[in-house]
Each structure stands twice: as C-alpha cells, then as structure tokens.
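J.: For reference, the chains in residue letters:
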Amino acid sequence: MKDEVLYSQTFKIIGRDFANAGAVSVSIKRFLKEIQIKPEIIYRVSICCYEAEMNVVMYAMIGTLDFTITQDQIIIIVEDEGPGIEDIEKAMQEGYSTATPAMREMGFGAGLGLPNIKKNADEFNIQSEVAKGTKLTIKINYN
Amino acid sequence: MLLKEIKEILNCQNFTDTSYLEKEINYYYATDMMSDVLKSCKTGSLLITGLVNQQVIQVAEIMDLSGIIFVSGKKPTDEMIKSVDKKNLPLLTTDLPMFEACGILYSKGLKQQVSQSKVEDER
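Here the protein sequences line up with chains A and B, keeping their order. The first sequence begins at 1 in the numbering used here and counts up one residue at a time. The second sequence begins at 1 in the numbering used here and counts up one residue at a time.
Check each hint, because a few of them may be wrong.
[Unchecked claim] No farther apart than 27 Å at their CA atoms in a straight line, the calculated lysine-lysine pairs in the DSSO-like style are these:
{"#": "1", "chain 1": "B", "residue 1": "Lys39", "chain 2": "A", "residue 2": "Lys33"}
{"#": "2", "chain 1": "B", "residue 1": "Lys42", "chain 2": "B", "residue 2": "Lys75"}
{"#": "3", "chain 1": "A", "residue 1": "Lys12", "chain 2": "A", "residue 2": "Lys139"}
{"#": "4", "chain 1": "A", "residue 1": "Lys33", "chain 2": "A", "residue 2": "Lys119"}
{"#": "5", "chain 1": "B", "residue 1": "Lys108", "chain 2": "B", "residue 2": "Lys82"}
{"#": "6", "chain 1": "A", "residue 1": "Lys119", "chain 2": "A", "residue 2": "Lys12"}
{"#": "7", "chain 1": "A", "residue 1": "Lys118", "chain 2": "A", "residue 2": "Lys12"}
{"#": "8", "chain 1": "B", "residue 1": "Lys74", "chain 2": "B", "residue 2": "Lys4"}
{"#": "9", "chain 1": "B", "residue 1": "Lys23", "chain 2": "A", "residue 2": "Lys33"}
{"#": "10", "chain 1": "A", "residue 1": "Lys119", "chain 2": "B", "residue 2": "Lys39"}
{"#": "11", "chain 1": "B", "residue 1": "Lys42", "chain 2": "A", "residue 2": "Lys38"}
{"#": "12", "chain 1": "B", "residue 1": "Lys87", "chain 2": "A", "residue 2": "Lys33"}
{"#": "13", "chain 1": "B", "residue 1": "Lys39", "chain 2": "A", "residue 2": "Lys38"}
{"#": "14", "chain 1": "A", "residue 1": "Lys118", "chain 2": "A", "residue 2": "Lys38"}
{"#": "15", "chain 1": "A", "residue 1": "Lys118", "chain 2": "B", "residue 2": "Lys75"}
{"#": "16", "chain 1": "B", "residue 1": "Lys7", "chain 2": "B", "residue 2": "Lys23"}
{"#": "17", "chain 1": "B", "residue 1": "Lys7", "chain 2": "B", "residue 2": "Lys82"}
{"#": "18", "chain 1": "A", "residue 1": "Lys12", "chain 2": "B", "residue 2": "Lys4"}
{"#": "19", "chain 1": "A", "residue 1": "Lys38", "chain 2": "B", "residue 2": "Lys86"}
{"#": "20", "chain 1": "B", "residue 1": "Lys87", "chain 2": "A", "residue 2": "Lys38"}
{"#": "21", "chain 1": "A", "residue 1": "Lys33", "chain 2": "B", "residue 2": "Lys42"}
{"#": "22", "chain 1": "B", "residue 1": "Lys7", "chain 2": "B", "residue 2": "Lys75"}
{"#": "23", "chain 1": "B", "residue 1": "Lys111", "chain 2": "B", "residue 2": "Lys82"}
{"#": "24", "chain 1": "A", "residue 1": "Lys33", "chain 2": "B", "residue 2": "Lys86"}
{"#": "25", "chain 1": "B", "residue 1": "Lys87", "chain 2": "B", "residue 2": "Lys39"}
{"#": "26", "chain 1": "B", "residue 1": "Lys39", "chain 2": "A", "residue 2": "Lys135"}
{"#": "27", "chain 1": "A", "residue 1": "Lys12", "chain 2": "B", "residue 2": "Lys108"}
{"#": "28", "chain 1": "A", "residue 1": "Lys90", "chain 2": "B", "residue 2": "Lys39"}
{"#": "29", "chain 1": "A", "residue 1": "Lys119", "chain 2": "B", "residue 2": "Lys111"}
{"#": "30", "chain 1": "B", "residue 1": "Lys23", "chain 2": "A", "residue 2": "Lys38"}
{"#": "31", "chain 1": "A", "residue 1": "Lys119", "chain 2": "B", "residue 2": "Lys42"}
{"#": "32", "chain 1": "B", "residue 1": "Lys23", "chain 2": "B", "residue 2": "Lys75"}
{"#": "33", "chain 1": "A", "residue 1": "Lys139", "chain 2": "A", "residue 2": "Lys90"}
{"#": "34", "chain 1": "A", "residue 1": "Lys12", "chain 2": "B", "residue 2": "Lys74"}
{"#": "35", "chain 1": "A", "residue 1": "Lys33", "chain 2": "A", "residue 2": "Lys12"}
{"#": "36", "chain 1": "A", "residue 1": "Lys139", "chain 2": "B", "residue 2": "Lys42"}
{"#": "37", "chain 1": "B", "residue 1": "Lys39", "chain 2": "A", "residue 2": "Lys139"}
{"#": "38", "chain 1": "B", "residue 1": "Lys42", "chain 2": "A", "residue 2": "Lys118"}
{"#": "39", "chain 1": "B", "residue 1": "Lys82", "chain 2": "A", "residue 2": "Lys33"}
{"#": "40", "chain 1": "A", "residue 1": "Lys139", "chain 2": "A", "residue 2": "Lys119"}
No lab work stands behind these hints, which were simulated from the structure alone.
From just these sequences and the hints, can you work out the full model?
T.: In structure tokens, the structure reads:
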C-alpha cells in the first residue's frame, strides 16, 4: 500500500524554550541518517523541520511535530497553540516578518522561514487561526 | 584549502580537537543571519559569523557545516564547545572583523558558495 505508515513519532515542542530549540530536528536528522535516506532528502527534511520547529519556539506557546514515513513520503505535521498568522499570504512572502528584536539577535526573523519550507517541500499546506494556532503539513517524496 | 591553513591565514584560536583542522574546506559562507544559512548555504560550507549562541551550533548540525569561525575575537561559550564534542565540528575565533576576514580569504581565491563543478570549469 502506497500510504502505509512505516514509521511514526510525535515530538513535543515548547514555546520560548530556546535552550532546547532545534533538538527535535537534530534527532530526526540523525534518525534519517541511520536508516540511510538519501542525503539530499535528509537535507530538505532537516531544513523544513528546523524552520518549523523554530517558528513554534519563537512564536507559539506549545506545539507538536508529527513525523511519519510512508512508502513514498516523509510527512511532517507541525501544529501549535499560539497567536496564529493574520495574513498567510504576507507571511509566505520572503522578507516579511513579525519577529521581535530578541529573535533577530539570535539570527532569525528575516522572513525566510515559511518560504524556505515551501521551497524544500514537495507538498506544503498551511492553516492558521488568529489567537488559536497554526498547522503546517509538509510532504517530501523520497523515492 | 585545509582548515589548518585558514587558521594560519586568519590567525585563529582553536577551541576544538586539533584533528578537525585537517579538514578540506571547499565552500564558504559569511553571515550573522541563521535564516540566510538555512536558505542558501551549501552543505559542507565553513561558516564565518559574528553570532555566538547555541543556535549557530544547531544550524551547523542541521546544515552539515564543516566548521565555524567566529569573528571580531568573539569566543564560543563553554556550553557550545561541550555541545560539539565528538561531532567533528571545529570552532575557531579570529580577532579580525568579518569584512577583513572575508576579504583576506577572498583575496586568496576562495569564493562563497561556488559549486564544485564550477570550480573545475574555471581550471
């Protein structure tokens, strides 16, 4: 079966927890290396995971990252409870950012995150509700 | 160029295992924005940055960077040095500011983000 789930794991992401920010993405990357997924795919998955994880850490209160491998795809679903995105169209434009000076000091908030996820994904979907949260669905074909 | 040669050229202080300095460096990238690294830095690049925090290390691991040179005499924290233990990620510091460090490397013929195939074409 094409959609058969071969592996699945859910990770918790805590908002503002900068000390551990990125840890989920690094562990996913290590796992993909272990199971010998192609480097180009690992690169794309890692970037998508990391950008999405950092968005949750920077903007939301709490979130989850669901990581699934099927026969053909790696599926990453990142859902958070947070402020949501007012204007998704704007947020998808390179250079548009609502980052605070503190986020910029850490080297983020250039308004490149969401466009970069889209660029590296084969399928990308974003749903958001203001004052509730945001859900990203990222699919990457690996065959 | 070998990392140990770059270390000499920029007069760097090394904070990690000296065996890491034997690495061959083919690509370079200079920025303080981690967003830029995630968007357009080539895997295996040596990162030259003035940003010193744990996120630089995480980004380096995500992007498989060859190493990091901190400019303007900024030193990695003990926590950062500890976190790269056994990861083959060299951390160095040069007293030179970013512009000068990049300028010196550029004058030696090293270019940012030149793909391997292009380098070969130019030979």
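J.: Determine for every hint whether it applies to the structure shown.
T.: Hints versus structure:
For the hint pairing lysine 39(B) with lysine 33(A), the CA-to-CA distance comes to about 21 Å; that is within 27 Å, so the pair holds. A threshold of 27 Å between alpha carbons decides the hint, and for lysine 42(B) with lysine 75(B) the separation of about 24 Å falls inside it, so the pair holds. The straight-line distance between the Cα atoms of lysine 12(A) and lysine 139(A) is roughly 19 Å, inside the 27 Å bound, and the hint therefore holds. Distance hint between lysine 33(A) and lysine 119(A) is fulfilled; the C-alpha atoms sit about 22 Å from each other, no more than 27 Å.
The suggested pairing of lysine 108(B) with lysine 82(B) is violated, with an alpha-carbon distance near 32 Å, which exceeds 27 Å. Proximity of lysine 119(A) to lysine 12(A) is assessed by CA-CA distance (about 25 Å); at most 27 Å being required, the pair is judged to hold. A threshold of 27 Å between alpha carbons decides the hint, and for lysine 118(A) with lysine 12(A) the separation of about 22 Å falls inside it, so the pair holds. A hinted pair counts as satisfied when its Cα atoms are at most 27 Å apart, and lysine 74(B) with lysine 4(B) qualifies at roughly 19 Å.
At roughly 21 Å between alpha-carbon atoms, lysine 23(B) and lysine 33(A) fall within 27 Å of each other, so this suggested pair holds. Simply put, lysine 119(A) and lysine 39(B) have alpha-carbon atoms about 9 Å apart, close enough for the 27 Å limit, and the pair holds. Annotation: proposed proximity of lysine 42(B) to lysine 38(A) holds, straight-line Cα distance about 16 Å (limit 27 Å). Of the pairs offered as hints, the one joining lysine 87(B) and lysine 33(A) holds, with about 14 Å between alpha carbons and a cut-off of 27 Å not exceeded.
At roughly 20 Å between alpha-carbon atoms, lysine 39(B) and lysine 38(A) fall within 27 Å of each other, so this suggested pair holds. For the suggested pair lysine 118(A) and lysine 38(A), the alpha carbons sit about 20 Å apart, so the restraint of at most 27 Å is met. Taking the CA atoms of lysine 118(A) and lysine 75(B), the gap is near 35 Å; set against the 27 Å cutoff, the hint is violated. With a C-alpha separation of about 11 Å, the suggested pairing of lysine 7(B) with lysine 23(B) holds against the 27 Å cut-off.
As the CA atoms of lysine 7(B) and lysine 82(B) are separated by approximately 21 Å, the hinted pair is consistent with the 27 Å bound. With a C-alpha separation of about 40 Å, the suggested pair lysine 12(A) and lysine 4(B) falls outside the 27 Å cut-off, and the hint is violated. Between lysine 38(A) and lysine 86(B) the CA atoms are separated by roughly 23 Å; this keeps the pair inside 27 Å, and the hint holds. Taking the CA atoms of lysine 87(B) and lysine 38(A), the gap is about 20 Å. The hint holds against a cut of 27 Å.
About 18 Å separates the Cα atoms of lysine 33(A) and lysine 42(B), which keeps this hinted pair within 27 Å; it holds. Distance hint between lysine 7(B) and lysine 75(B) is fulfilled; the C-alpha atoms sit about 15 Å from each other, no more than 27 Å. Between lysine 111(B) and lysine 82(B) the alpha-carbon distance is near 31 Å, which puts this suggested pair outside the 27 Å criterion. Of the supplied pair hints, the one linking lysine 33(A) and lysine 86(B) holds, its CA atoms being roughly 17 Å apart against a limit of 27 Å.
Under the criterion of a C-alpha separation no larger than 27 Å, the hint pairing lysine 87(B) with lysine 39(B) is consistent with the structure, at around 23 Å. Restraint check: the Cα-Cα separation between lysine 39(B) and lysine 135(A) comes to about 21 Å, which is no more than 27 Å; the hinted pair holds. Simply put, lysine 12(A) and lysine 108(B) have alpha-carbon atoms about 46 Å apart, too far for the 27 Å limit, and the pair is violated. Distance restraint check for lysine 90(A) and lysine 39(B): the Cα-Cα separation of roughly 18 Å lies within the 27 Å cut-off, and the hinted pair is therefore satisfied.
Note on lysine 119(A) and lysine 111(B): the hinted pairing holds, with a Cα-Cα distance of about 25 Å set against a maximum of 27 Å. For the proposed pair lysine 23(B) and lysine 38(A), the alpha carbon gap of about 23 Å is at most 27 Å, so the pair holds. Using a Cα cut-off of 27 Å, the hinted pair lysine 119(A) and lysine 42(B) holds, with the two alpha carbons roughly 15 Å apart. With a C-alpha separation of about 21 Å, the suggested pair lysine 23(B) and lysine 75(B) falls inside the 27 Å cut-off, and the hint holds.
Simply put, lysine 139(A) and lysine 90(A) have alpha-carbon atoms about 22 Å apart, close enough for the 27 Å limit, and the pair holds. Simply put, lysine 12(A) and lysine 74(B) have alpha-carbon atoms about 33 Å apart, too far for the 27 Å limit, and the pair is violated. For the proposed pair lysine 33(A) and lysine 12(A), the alpha carbon gap of about 21 Å is at most 27 Å, so the pair holds. With a C-alpha separation of about 22 Å, the suggested pairing of lysine 139(A) with lysine 42(B) holds against the 27 Å cut-off.
Between lysine 39(B) and lysine 139(A), the direct Cα distance comes to roughly 18 Å. Compliance with the 27 Å bound is thereby established for this hinted pair. The straight-line distance between the Cα atoms of lysine 42(B) and lysine 118(A) is roughly 18 Å, inside the 27 Å bound, and the hint therefore holds. Distance check on the hinted pair: lysine 82(B) and lysine 33(A) sit about 23 Å apart at the alpha-carbon level, within 27 Å; holds. A C-alpha spacing of about 12 Å is found between lysine 139(A) and lysine 119(A), which places the hinted pair at or below 27 Å, so the restraint holds.
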